[in-house]
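Participant: The primary structure of each chain is shown beneath.
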Amino acid sequence: MIRVILPPHLRTLAQVRGDLKLEVESPVTQRSVLDAIEARYPMLRGTIRDHVTQQRRPFLRFFACEEDLSHELPDAPLPDAVASGAEPFIVIGAIAGG
Amino acid sequence: MSKVRVLAGTRKGAFVLTSDGKREKWDVSGPHFAGWEIFHMKGSPVDPNRLYASQCSGWFGQVIQRSNDGGKTWEPVGNKFAYDGVPGTHQWYDGTPHPWEFKRVWHLEPSLTDPETVYAGVEDAAFFRSTDGGQNWQELSGLRGHGSGPKWQPGAGGMCLHTIILDPSDPQRIFIAISAAGAFRTDDAGKTWRPINQGLRSAQIPDPTAEVGHCVHHIAMHHSRPRVLFMQKHWDVMRSDDAGDSWKEVSGNLPTDFGFAIDVHAHEPETIYVVPIKSDGEHYPPDAKLRVYRSRTGGNEWEALTKGLPQQDCYVNVLRDAMAIDSLDKCGVYFGTTGGQVYASADAGDSWAPIVRDLPAVLSVEVQTLT
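Keeping their order, the protein sequence lines are chains E and C. Following the numbering used here, the numbering of the first sequence begins with 1 at its first residue and continues without gaps. Following the numbering used here, the numbering of the second sequence begins with 99 at its first residue and continues without gaps.
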């Protein structure tokens, strides 16, 4: 079970509290996690990555295991601790815009 | 007893303001979508409880919200605005070709006849339609493809399609306006378009009378006379008596003819309202006095409406979609400011009072007259 922490605005939009808990087939990658999020919560489509280009939105970052994974390739495996659910995959809004 | 419902979109959320027909006491609901920019909200003319809202954020992009109960509850619907085919390019600030990139929805215009059909004006400028209540959006790409699209260039506020007017007498005819490209019209429900900017003169572009490139800020129409259009251009207040085929200036005795908002009285099609703003470099009222100007002659002769509005130390702006008029008798006039006030007049502009004073900056105001 993968754990995902969303920014508060996206939790409100998805009407969820706390971490998301998602089943994701191996290999666990950014793409497979985001696919699972969007499948379960279709209202989040387009809010984390662009509908058309599938690029991460510029002011969002992906953190896990105290590392910034934002620039990793979308199909690169995420750390084992994320895949096992020991550590969350964190979608975080950049400090920008005041 | 009649009621009115004012829909205020702000920099940090949506507010729904309701009152009875006297328009003296108001209930304030909100913020809905707290923390998000609400560029525009509008209700269906045929189902007033069906509302659409454009919710966006620099972090999370675009969301479209829909309400079926007049704004009490909302549900997110489709937010995929994909340009039709290969998007192509428009001009960038440095004159180089730049790919069309969707940024946000500036304006939502529900159909006059079908609550499930709604149009969206977006940045980078394009025209979209949904026929399933906002779930799916299709670009009517004849607008960008009509020929001048590659020459369009963004203004300081972005290359936004901000005005959509549906002709109540002809379902095939739609008017739109884009900053800083100009006004356009379709006579075949969006398949083909042509610029309608003849008579506009803009000193800020190399050819002041060019076919496209004018920074149109807003256009208004009275439903009883759909061939008569009133325009607030960057500078100049204009009118057309031939559905935009030609324009003439009607700025007359305005203290400044720069501004954003313009609207038409509900029952007097020659009575129009603007809010003069000092200049494009100083987005606040001249002499620090917030004055709505009303013309009862379709332009040229204007009177200042000041009763109840701040007449000193006022440095707010009134944005293009932040004025609306209800259809009661006397008609109510409403506008919102970047200082967070929403002002209402229940006597067609003769006197004013704030409904609320301390909202986030107001981006848009619409009003529904409910019976």
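No lab work stands behind these hints: they were computed from the structure. Do not take every clue at face value.
Footprint (simulated), chain E over chain C, 3 or more residues, beta carbon under 8 Å [unchecked claim]:
no.	segment
1	175 to 181
2	324 to 331
3	356 to 365
Quick list of the computed label-pair ranges, beta carbon to beta carbon [said to hold, decoys possible]:
no.	chain 1	residue 1	chain 2	residue 2	range
4	C	R323	E	D68	55 to 63 Å
5	E	E67	C	G156	22 to 30 Å
6	E	A86	C	G156	29 to 37 Å
7	C	L210	E	P8	32 to 40 Å
Think of the CB as a built atom: it goes at the ideal place given N, C-alpha and C, for glycine as much as any other residue.
Participant: If a hint holds in the structure, say so; if it doesn't, say that too.
Facilitator: Status of each hint after checking the structure:
1. Counting residues of the segment 175 to 181 of chain C whose beta carbon lies closer than 8 Å to any beta carbon of chain E gives 4, which meets the minimum of three for the stated coverage.
2. Proximity of the segment 324 to 331 of chain C to chain E, defined as three or more residues with a beta carbon under 8 Å from a beta carbon of that chain, is not established by the 0 residues found.
3. Remark: the segment 356 to 365 of chain C is not confirmed as covered by chain E, as 0 of its residues place a Cβ nearer than 8 Å to a Cβ of that chain, below the required three.
4. Range check, C:R323 to E:D68: about 59 Å between beta-carbon atoms, so the 55 to 63 Å window is met.
5. Take E:E67 and C:G156: their Cβ atoms lie about 25 Å apart, and the range 22 to 30 Å holds.
6. In this structure the supplied range 29 to 37 Å holds for E:A86 paired with C:G156, their Cβ-Cβ distance being about 33 Å.
7. Between C:L210 and E:P8 the Cβ separation comes to about 39 Å, which falls inside the hinted range of 32 to 40 Å.
Comparing the model with each earlier hint shows violations of hints 2, 3; every other hint is respected.
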